[in-house]
Amino acid sequence: MSEQLTIVQAVNLALHDAMEADPKVLILGEEVADKQEGGVMGVTKGLSTKYGTDRVKATPISEQAIIGAAIGASVGGYRPVAEIMLMNFIAVPMDMITNHAAKLRFMSGGQTNVPIVIRTMTGVGFSTGGQHSDYLEAWFAHTPGIKVVAPSNPDDAYGLMRSAIEDDDPVLFIENLPLYWTPGPVTKEKVPLGKAKVSLEGKDISIIAHSRMVTESLAAAKTLAGEGISVEVVDLRTISPWDRAAVLKSVGKTGNALVVHEAVKQFGIGAEIASVVNEELWGKLKAPAQRLGAAFSPVPFSKPLETAFAPTAATIADAVRGIVKK
Amino acid sequence: MSEQLTIVQAVNLALHDAMEADPKVLILGEEVADKQEGGVMGVTKGLSTKYGTDRVKATPISEQAIIGAAIGASVGGYRPVAEIMLMNFIAVPMDMITNHAAKLRFMSGGQTNVPIVIRTMTGVGFSTGGQHSDYLEAWFAHTPGIKVVAPSNPDDAYGLMRSAIEDDDPVLFIENLPLYWTPGPVTKEKVPLGKAKVSLEGKDISIIAHSRMVTESLAAAKTLAGEGISVEVVDLRTISPWDRAAVLKSVGKTGNALVVHEAVKQFGIGAEIASVVNEELWGKLKAPAQRLGAAFSPVPFSKPLETAFAPTAATIADAVRGIVKK
Amino acid sequence: MSNYPRPTAQTLLEIYKKATLIKQNDERIIKQMMAGKLVMPYYSARGQEIIPSAISVSLEDDDYICTIYRGIHDMLAKGFPLGEMWAELAGKKTGTCKGKGGPMHLTCPSKGMMVTTGIVGSSMPIATGLGWAAKLDGKKRVSVANFGDGASNIGAFHESLNMASLWKLPVIFVCQNNRYAEHTTYAEGTSIDQISKRAAAYSMPGVTVNGNDPDEMYGAAKVAIERARAGEGPTLIEAMTFRFNGHLLGESGHYMDKDVYAKAQADDGFPKLRARLIAEKIASEADIVAIEQAIDKEIDAALEAAMAADFPDVSELKRDVFAEEIA
Amino acid sequence: MSNYPRPTAQTLLEIYKKATLIKQNDERIIKQMMAGKLVMPYYSARGQEIIPSAISVSLEDDDYICTIYRGIHDMLAKGFPLGEMWAELAGKKTGTCKGKGGPMHLTCPSKGMMVTTGIVGSSMPIATGLGWAAKLDGKKRVSVANFGDGASNIGAFHESLNMASLWKLPVIFVCQNNRYAEHTTYAEGTSIDQISKRAAAYSMPGVTVNGNDPDEMYGAAKVAIERARAGEGPTLIEAMTFRFNGHLLGESGHYMDKDVYAKAQADDGFPKLRARLIAEKIASEADIVAIEQAIDKEIDAALEAAMAADFPDVSELKRDVFAEEIA
Ligand SMILES: Cc1ncc(C[n+]2csc(CCOP(=O)(O)OP(=O)(O)O)c2C)c(N)n1
Ligand SMILES: Cc1ncc(C[n+]2csc(CCOP(=O)(O)OP(=O)(O)O)c2C)c(N)n1
Ligand SMILES: [Mg+2]
Ligand SMILES: [Mg+2]
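Chains as they are written, first to last, in this note's numbering: chain A, 1 to 326; chain B, 1 to 326; chain C, 1 to 327; chain D, 1 to 327.
Worth flagging that the hints you see were computed from the coordinates, not collected in a lab.
Model, not experiment: these values are computed from the prediction.
Hints are supplied without guarantee of correctness; some may be wrong.
Claimed, not checked - Listing some non-contacts, in silico: residues in chain B with all C-beta distances to chain D over 12 Å:
1. Q4
2. G42
3. R55
4. K57
5. F126
6. L193
7. G194
8. K203
9. G228
10. K303
Claimed, not checked - Heads up, simulated DSS-like pairs for lysine-lysine below, C-alpha to C-alpha not over 27 Å straight-line:
11. K303(B) <-> K93(C)
12. K195(A) <-> K284(A)
13. K286(A) <-> K286(B)
14. K253(A) <-> K203(A)
Beta carbons: idealized from backbone N, C-alpha and C, even for Gly.
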């Protein structure tokens, strides 16, 4: 009884269900009300019409006030879901997120907490260039007090959003633009935060990925299967706190690890995961954990450069061959 | 002929010498002019009196405009040194730094560049709590287009500041509060960016550190020497781009690596360095590269917690014993 | 301002009691720090006592306030418990924040003291959000955002006032204009002569009052609070005042003009109110001395308990990062 | 506004030529995109042509401008070379930014086109810095910051105007008020009826003009530019206008009120100026047709060269990140 939905529809449904289930759930952000067409991608469509413009507020272009308003409302007992339209714009309210949302619970000794969800979208592929495509999850994974999730499919998008809204701490929810319209079954089951999922079982190597890179990794796995290389794909789903147990279990089994993300490789989240894998499975690995990420440059506009910038099924497959052949 | 100076004096001297050497060098930030006492710590003392308040501008509390003004002036041919008083406040102009300063050269295809230096101070030890003590270098090391340096002593502070100002790209210059008044010899030699320094030679393990953690590591090395453990300490000095060759050379020799930073361990810069060490020296290591960093929490106020939060000579020594004893 | 409601004798006495608590508490903190018994960055509000005292008499416990590093005066006026405050300043487990927050992050939701921030300007967007929550609750609750004159030049000020005005939120923006932002004079950082004039940019009422005068301060606050409770939206109040102990305790103060300082001392609101209470026979010298002594005893008790309490256990580093403890 | 300097017939013709280039270039970009020959996010400025055309006639090549994603009209008016622009839009190595920047980051320092940003509000702090550089140079050069009505609600606006006013920088803040911020109407995001009124919060002159009227736009810009060159400081100009192709090419436009749209069309500045030139005998129908044809040829040439050019080599990912190539 699971319907086929796109990620846009799955997130929209999760927001509808959450607002229905809990009157404390609020929505705010630029263009989010139906008067403004329910978000530039329509992710918040129907919410203001159904739940009213007191609970669903279209805001001015004021990212600091958007996150500040969400923080304040949450400290006042609500569960706001704030949209920062594109991930690069998250640099604007960075103080509100890292110095406040992530820290108020600790600094108040647990007297206050900030149950907000910050939705944002990003990803290369649409020629949007240097200020509209970055993956910046590493900044937040390095920030104690905020959780980071990034679904790769409609079912997880629904389930993670429901859990993120119910979580009592701030959650950064990263949506991938090119994946938005990919349909998939949605069971409407909540997906626990902090739990990875083995998307494909394999024997020779574990690819650890999230968001769109899971899709690319699965495509690479298909190609490699034809070459007799058996790939296991672990979808992190939650980047912080990440599922060490699941990753170590998988790599413990395959003996090889490749962490793939669309973000710049250097100082990206793959480094933490690779380091832990090397520390914990020392002696049991066939090769050191490897990482694949974007080039060390801003996101380029020109199509051939944009295509070469981030990992693809092809470059992932090459990386796997390089590791397994060793 | 090298005089003894504190880091405050060394940075101040470097700024004086740079303004003297190049009329295009400018200073801006809160309290930086002598009318406001030359900076809260006196780092910019004397500059406005000597070079005038057109070149040395005390600003309103407007971090976005401070960095924006520095970017604009640099695109207009100047070399501004902007102060963001404390590192946590760098979250406020995050958009200016990461979406603009770091990207304009690339996005313009090299037609423009942003030769600015952003000075900031931070560090635990003075009971300043959750919003005044964070080390956030990992955010910027993960951002292509901006360089990150963090001196551990007066000589490097002078030399790196001179080089940072002469560099044609944006440089984030991190000063450590507790180290400010430690005196040391200053040769007035410029220190090239991207070059690490072996602060202490040793045989059994390489500790890779920067800023105040170098001091703690050297203290740990002293203790360990007494136990017959010979420690090599590599001072990164530049965090991005970091000196892979120097680090790999040292670890290639000792066979053991411990990366230490005051920033939170998880997803910190130690993960990148440890990963590269494990990738490049696979098979030549006695143990996987290890990391030591701050606890996964905001910086606490209470003294015993603040002391337990970040690595110390004692915890570094323990970590080394744990690795070398294996 | 002539048409402002005026405080009754009873209210004036209440304001004076709050101001006395603030002043004596400040003096005690400084004494303890000088004696090396308290180690922390301290931003004294000596001179600004009347502002929160005259505002808080019109606030309920469940009205929200957000304040800044220089905010202990705002907290005490709002009823922040002395014992938990002193324990927090001493970094003890019995502190309101278990010693984790310290002076710049004192919090006490039961008194509506929701957020204290060390980041200039950041009290405003959060107080705006609390105003949104208050409006949704429909209980006529209000939200007060305290900030300084220097903070009115940061972006968060602009975004917050625009949003609060657009959404008609029950927020009172209280700019405590003490003429300096760290070592920078008002005019060196601010491009307009009075911050209250900036309210016009948001179609919001804006008023400048003498923050050291209980009549003006009480009246302006009362009007703004009533307006907010009535659902008519936010107000910007600029309260002119001075901070006699400089920005951060221990600084040289060289940047402060001697004459300006002397003139400010002549305008110090606290001694004036004390004298007035006696002159207007609202209280006798004896009554006032009794008040002062009672407060000193309260402080003695809070201080002693704080000093006697234990420090938090290091395992606290794993708690309150998230709801669930860090493994 | 009555005392504004008025453009001469010669200047009006110059303004019209710039506006024609902007309009025809916009139409050609859309045609190419519809034909699938250009793939990029496109924010058409159709309807806003008169604003930069009437400003630029008072600017020199070495005067600075910063603009936004919706900024090709500002660039062409400032003299941005068509060939390099088209090559950049096509992502070719012959583009001004070697294809790395694209439509949202077009740059051409030789024409003073220093920074194009895709981040709302961010053109202002940077233009303020260019104004500081201009002031230090002492060459009477000015800096123009272009931004939209929605951008006037973001913090960077506030910080920039305050700083530019304090430092008396030669900056002209040009708010192109096209009534919408993406799908949000002016009133849904802005708490005051005219953005120019916000200038008062910074003791800065602020004026609202009909941006579609070359006389008003030229006059207000001329006065602000002269003021800046004379070292008297910044000005905020709000130019009322409309963008007929919506926010992003391809959108539904449902959020736009039909009547508002129809009324805006009646006020479209371009056809009005064309008719006026003929009526006032500044140019004949034939002259104008000749201008239009000449411009079309220029665009043909630029477009063909762009299509024929090569894409940048992938190794370009390692260049221009830093001065030195990435290893
Ligand atoms: C974003 C940010 N920038 C700079 C600082 C450093 N700082 C702390 S207090 C202060 C001055 C604030 O002045 P004002 O707003 O007038 O408040 P006051 O201290 O006078 O009460 C500054 C610059 C900070 N805490 N946050
Ligand atoms: C900081 C930031 N927030 C949001 C956006 C998304 N966005 C792009 S254009 C736009 C509307 C801007 O409206 P306005 O300032 O009026 O300029 P216009 O597009 O109408 O010319 C928005 C919200 C952005 N680019 N940057
Ligand atoms: Mg002040
Ligand atoms: Mg607009």
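(request) Starting from the hint list further up, note which numbers the structure goes against and sort them upward. (result) Those not satisfied are hints 3, 4, 6, 7.
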